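Student: For chain R, the structure is supplied; the task is to place chains H, W and U on it using the hints.
Protein chains in written order, with the working numbering: chain R, 171 to 652; chain H, 171 to 652; chain W, 171 to 652; chain U, 171 to 652.
Simulated from the structure, these hints should not be mistaken for lab results. Model, not experiment: these values are computed from the prediction. Certain hints may be false.
Identical chains share a label here; the pair holds if one copy fits it or two copies do between them.
Calculated cross-link-like contacts (lysine-lysine; reagent style DSSO-like; alpha-carbon spacing at most 30 angstroms) [to be verified]:
(1) LYS645 - LYS497
(2) LYS197 - LYS396
(3) LYS396 - LYS580
(4) LYS585 - LYS645
(5) LYS497 - LYS585
(6) LYS586 - LYS645
(7) LYS645 - LYS580
(8) LYS580 - LYS197
4 protein chains.
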Amino acid sequence: MGLRTPEQYLASLHDGREVYYRGELVKDVTTHPIIGVAVAHAAIDYHMAEDSRYRDLAVVTDAETGERFSRYYQIPRTPEDLVLRSRLIAASTREGATLVVLIKEIGTDALFAMHIVADELARRGKPEYLQRVRRYHDLCRREDYALAVAQTDVKGDRGLGPGGQEHPDYYVRIVEERPDGIIVRGAKVHTSVSTNTNEMIVLPTRAMASDDGAYAVAFALPVATKGVKLLASSYGGFRKDPFEFPISAGHKMMETLTVFDDVFVPRERVFLCGETDAAGPLALAFVKFHRFTAVSYKLPLLELLVGSARAIAEYNGIERAGHVREKLTRLAAYHATVRGLTDAAAQQCAVVPPGIAVPNTLLTNVAKYQFAANYHQAVQVVQDLSGGLLVTGPSVEDWQSGVTGPYLRKYLGGKKGVPAEHRLRMLNLISDLTASDFGGYQEVLAVHAEGSLEAEKLQTYREYDFDGPAAYARKLAGIEPD
Amino acid sequence: MGLRTPEQYLASLHDGREVYYRGELVKDVTTHPIIGVAVAHAAIDYHMAEDSRYRDLAVVTDAETGERFSRYYQIPRTPEDLVLRSRLIAASTREGATLVVLIKEIGTDALFAMHIVADELARRGKPEYLQRVRRYHDLCRREDYALAVAQTDVKGDRGLGPGGQEHPDYYVRIVEERPDGIIVRGAKVHTSVSTNTNEMIVLPTRAMASDDGAYAVAFALPVATKGVKLLASSYGGFRKDPFEFPISAGHKMMETLTVFDDVFVPRERVFLCGETDAAGPLALAFVKFHRFTAVSYKLPLLELLVGSARAIAEYNGIERAGHVREKLTRLAAYHATVRGLTDAAAQQCAVVPPGIAVPNTLLTNVAKYQFAANYHQAVQVVQDLSGGLLVTGPSVEDWQSGVTGPYLRKYLGGKKGVPAEHRLRMLNLISDLTASDFGGYQEVLAVHAEGSLEAEKLQTYREYDFDGPAAYARKLAGIEPD
Amino acid sequence: MGLRTPEQYLASLHDGREVYYRGELVKDVTTHPIIGVAVAHAAIDYHMAEDSRYRDLAVVTDAETGERFSRYYQIPRTPEDLVLRSRLIAASTREGATLVVLIKEIGTDALFAMHIVADELARRGKPEYLQRVRRYHDLCRREDYALAVAQTDVKGDRGLGPGGQEHPDYYVRIVEERPDGIIVRGAKVHTSVSTNTNEMIVLPTRAMASDDGAYAVAFALPVATKGVKLLASSYGGFRKDPFEFPISAGHKMMETLTVFDDVFVPRERVFLCGETDAAGPLALAFVKFHRFTAVSYKLPLLELLVGSARAIAEYNGIERAGHVREKLTRLAAYHATVRGLTDAAAQQCAVVPPGIAVPNTLLTNVAKYQFAANYHQAVQVVQDLSGGLLVTGPSVEDWQSGVTGPYLRKYLGGKKGVPAEHRLRMLNLISDLTASDFGGYQEVLAVHAEGSLEAEKLQTYREYDFDGPAAYARKLAGIEPD
Amino acid sequence: MGLRTPEQYLASLHDGREVYYRGELVKDVTTHPIIGVAVAHAAIDYHMAEDSRYRDLAVVTDAETGERFSRYYQIPRTPEDLVLRSRLIAASTREGATLVVLIKEIGTDALFAMHIVADELARRGKPEYLQRVRRYHDLCRREDYALAVAQTDVKGDRGLGPGGQEHPDYYVRIVEERPDGIIVRGAKVHTSVSTNTNEMIVLPTRAMASDDGAYAVAFALPVATKGVKLLASSYGGFRKDPFEFPISAGHKMMETLTVFDDVFVPRERVFLCGETDAAGPLALAFVKFHRFTAVSYKLPLLELLVGSARAIAEYNGIERAGHVREKLTRLAAYHATVRGLTDAAAQQCAVVPPGIAVPNTLLTNVAKYQFAANYHQAVQVVQDLSGGLLVTGPSVEDWQSGVTGPYLRKYLGGKKGVPAEHRLRMLNLISDLTASDFGGYQEVLAVHAEGSLEAEKLQTYREYDFDGPAAYARKLAGIEPD
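Next up, chain R with everything else stripped away, as it sits in the complex (with noise of 0.2 angstroms):
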């Protein structure tokens, strides 16, 4: 197949799902009223396919077989290649309204890590993880399926690992192993998109010690297996006016969480099985692509900061004044950063075995790490902007009605040649972009997605060659090397 229709991603999804909202199973996620939203925003994957401004983009075509295939699905080889996915995952964000598709971009992470630790294994002696990596890649390219991945435990007490909670289960884990597969159990925190796609993967969170074997486990599975529960978060989950919140009125990501109740993963299916040591490289592979996902799906996040930051200042009349510029210039600055590095991280990147393209890991966790540490200040500056109608202002019932609309248009004009509704409707997106629930679930994470700013901190420690300048400080002091 290759690629799919917006029409067969939808009719994909009626596949028995066991997805929870509020308490209740969910019987169709394609119609539910929140539900919906996330599905129809993830489906702008498929509708930029076949849109001609984006399919050159959006697919390629293999040179040997000449089958077309989403873009998503290809390795990277280079540093052009990472250019390119990084310009494709800002461009469907863009699309979506600032809010990441990912119901692609997550998978191939993924699978782009497991490729390489699996191909480590092999050279180690064990060759069946990257038969069966490729062959399931193969098979998601080829049904041009959404991919989720399960990677956060619920963890329990954070200070512990896995074998020291007071739960066994805090962490997923074998609990049996069968010849044809294996038995998994326990639960995955804030799942993305899984209420919407057709596969999930299954990662471990973190470096196993080697008594922990059983939490060693990677897998993937249909969404529609026995035994797998979303419960769906009803964060921000009510109906939205689009005057009153031209974002997340039309543009909704679900995160569940993911309980697996001795749910049974055949054989083929499995890409980790006990391997302690490899628990660690597999979450550390995957996070290098998935931070430059998150880096590249940031940008039109900025945009969006500093677009609207210039045209509300533009509306309230003040785009002169001397704190404004600097305001601005912030805003501009911190986005360039931000871009800058992602470009320079895939300029800069490490080919790996099997002859994959690892984005800079050092430039990416920098680049997040920027982003994490002043989203909330840029946050401020775009607040301090708009003036306070961001969270006092009038209701579409208002805007609409013969008796309160009147005053609104003439009252909440701005600078002459400014109509009272671009106004309105400029402070409405700033409310909903920083000031709402999706606000909100823009600056938690902000801090958190895709690892947390700690993580991009012990990450950078890690990344970040200290020795060079301790041998160059040693030599300018006249310390003779040992």
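Tutor: Then chains H, W and U, alone, in the frame of chain R:
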């Protein structure tokens, strides 16, 4: 009377006021599903006066008449008066779950300012304003009124003054003077608590040029005055479950676009009428008190940021990690800084004619600046310590369901001994506080309410004595005084 | 005696002390080209006692005996006492051109701490220490002594305590106890003003484990005691012209590596001798006072940062630019914050046995933290407003030369009406303050003197009441108390 | 010739130039006790061309003529050319112990800019400038000249342009035009390396108004031209021992106030002469290259901050503490950010007529802004990790003395196995780097050299494409394009 019961307060709101919500006229604000929450919140003030824990703080007794009345109405004469006023504001906000009550705080801030400016006008030969202010103050105190203050005009192009706008009504103005009073027209934005106060005081928002006489106007009116139309904001206005939204399900403040559609104000209630050189001083005197109110009522909010961060860190099992202690320390220092500066502002007050203690303006503004400049970063820290569950957590129905509930109880536990329910409740609290529309409301208020960040910087610049330090610099540089 | 003249102070330093500078024994510290500058600076203290402008602040009269003595020696009993002590410290530092005088400040900080700990020991059955402390305090006050305090041990590996070091002498210790006294060995680093005080008080630098008894020692000695060797730092020690270095040409503080080469301390002067559980409290009590001294003496430094920034901005003709006002405002807010918190620390002091007012420890540490955390950024702002001439300017000889001088007078003028000389003098002042070794000294002191940034953060963490806020969070979250 | 030896370079400076130091005419700059240090430092450039480790980087061969010449003189045509230029600048600065060599960097920055502007003027009908620029470029390359650039005028009142000053000479100007050349008068401040270059290029410092024709002038001269007077700064100019000052004892850059006392410039060396509309573009084109030079040469400085911080943390035994790792991570992220943005600026260059690769201006300015805005905080971190000994340490004579040396060797040891000498040498390095006049020099350069912080912010504001993001915001807000 002196003191009203909560019931009397509620009853007093049945006065025919013209409040619109989502385009519809509200019949009874006390029973309206959204505004009713704000009414109940405001009633905290009257409950506290009856509560033995708070009575001494909330109520004072007139030494001469023996009359008991709300402390808010007491004109501060000493540092101690300001300290107690600040304590009362903090205590009621703490009762309000970090949301200020405000129905007397803001109104008395305005009354104190009006006393000062009217006294100055009396010394300049216009004694009538001071007499009116005194009588109006007596009335409010005696009736134990709830008061709103409408100050911020809609402004149009913020780069221009009242006279230069595209529309003459962008600032509230006198359209006709009559022997018995004046007719006013215009609109004020984000008037807080006006849906549920008895009276509304209207103040100029800025200094006025000498030819802006029609805009130099201050007055007071019952909310239920003909021509006064309150367009209530729908922001955050949906029904919330207290399990999911522990703060905002039960606590709310309403803001209105307040339209004056050719409203008559009797002479007795006019406190400024064309004295352009007094408009700026009145606006400024008001914010001197009102920013002190602000830093007082922000303290419980900062307490809760620290307290919830500490609690969730313990529940997550990370409270001993170095970076966690560092972050808790930064939150603690932030809180202690704002609180210390607020206390110092009271201690170092200035007593001005007619014998009113004004909190130290420099310290008040610096306290407010420290609060506002660092708020978003503090939110980031709290979100950082909490984890992604802030925005991916379950609903109350999931928790109560026999199907999904047991999974949540099993998998959302934290550190040993911490029940999943405690952890989830704390996460919901923090989500409501920082990642909901209420969280966005607090962020926007941080940079806009009671004067923006820029306003506080401007005032800091004006109040700081640069001359002394500059003279010291010249002396040390060996530059002779001219 | 009670009060000495500056001449008596200088004469008292001819006592055979063993001071080394650049490897050579110093014959007379008062006439030494470098140390002599420090002596003259220290004499400010004695001059102020004679100066009618300062006498009331600097000198107090014993109500009973009528004896007049330096205010530093007065034990603070009330907030007002602390405020006046703080004012005196600031005033003398202002006289010292932003360099603290310190010859009584630090010693009395130690004496107050010794009183508190000795009182506690007395209550635990060891009354002798309190008697000794009182007698020693009386002696110092009566003789109007200058006092140094040696606290910071050389420490070796900072990750280890005294007992675990490679070398047992890395912390000062008792090597022999004799009936009439003790023999001590070890060294203390950066002992300030010791080259020119009469006495030196030696305190432990940290809490001690129960088997570190030999290190739990406190005592006092005349500087000129056999075996006490002062190795004075050469940092910043070269002759400076007052035109080029308006501050540091005439103001200097000396630090020494203070070696105790098996020094005998008579019993009467021993204030701690093996009581390991009192070592930490003594170290801590000292810094409680000493950090309050620190924030008091930092105020003139902050004044000068603000004042010189304002002056040079005017000379450069940029004082009205938006970004300049913004920067001056940030400096002003920084100064006002530290000053406000310092005042609040005095106002909110705790009176502890035996009746001594201790500045509020939380507020003191937060004030110090705010000072230290923001100092370098403040320096950046001042340098930013000044221009590159700070480090590319001419010498005093260029200014005086008939060949080069006229070019400087012609070309280095600033805004109309500002003579080149004024501008150059102000630039030299700022260069000395921020871009010379003296500037580096102030930067390093900001993060290390009187406890490092980390020390202040640790103390803030310990002093802040987390329990109250955490209980408030649990209450709002609906979590029942256990 | 193409390449000169260090000896030839030194000999070339005996040319009768008029340099003043501390009011005295300098007979021989190469042997002057202070300026001689700067000359030796500058000679690094010529040594590197002979050094097998650097030759390939430092020298290029003309493909046509086979002539070998300094890479600095090669006009960049591709991203790769810019990357290599950047690497060369960093390598020579690293040899210079973090002090840039600059004797070819800045001059070629100017030459490239002159090519671009002259090419534009040629297209506008004035081909003579491009011919002159090419001949001058050939001359410099062939003679392997050292070049200074004098750009910053003394400026007087910075709030005014050249024409509005109290004195007409506050900007360098043409006082007479003659058939064979022009006479210029005025002075430039902080001209770097001019005491020891062969030539000096003079550029306008800003855009000029149409009636400021006399100030729109650019030209080049041998330093030893009649009427050119160099008043060398005495800043940091004293003899330093290399033990105490490991960097600045052996590395120095001189700045001069460069006076043009009615100097004749022959027509052939005039590159702008009254074309007011080209003055701004020339000033801007220069800084586009020069800020790229700046961020390239700042990298070794950042390396040393990181490296010395890491080394001293280990020596002090604190490298495993959480806060220390946090601080090292912040330094590492700072370094990686500036380096990554610099690389991206080269990669994303623009090739402009006549075929010159210009580093991406937005990214260059953002890199410079990130460097400058965070430099002082980085210094704070390094000082924090080092300890107070930075400013209270011993002298070289103390170290060598038989009396005091043994105490230092005993007491200044750090972690086990770290000799006191290593620790002391590292502390001295950091003290020189951050807490000496050299440290102050670096701080001031950070905010002023190659354009101030404000200049970088202004350029960022101008280069950033606000229109695209603003259009995106309007689209998402539902605002129709006009």
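Student: Now look at each hint and say whether the structure bears it out.
Tutor: Status of each hint after checking the structure:
{"no.": "1", "hint": "LYS645 - LYS497", "result": "between (42 angstroms within a copy, 23 angstroms between copies)"}
{"no.": "2", "hint": "LYS197 - LYS396", "result": "within (16 angstroms within a copy, 53 angstroms between copies)"}
{"no.": "3", "hint": "LYS396 - LYS580", "result": "between (59 angstroms within a copy, 20 angstroms between copies)"}
{"no.": "4", "hint": "LYS585 - LYS645", "result": "between (61 angstroms within a copy, 20 angstroms between copies)"}
{"no.": "5", "hint": "LYS497 - LYS585", "result": "both (20 angstroms within a copy, 29 angstroms between copies)"}
{"no.": "6", "hint": "LYS586 - LYS645", "result": "between (64 angstroms within a copy, 21 angstroms between copies)"}
{"no.": "7", "hint": "LYS645 - LYS580", "result": "between (71 angstroms within a copy, 24 angstroms between copies)"}
{"no.": "8", "hint": "LYS580 - LYS197", "result": "between (47 angstroms within a copy, 25 angstroms between copies)"}
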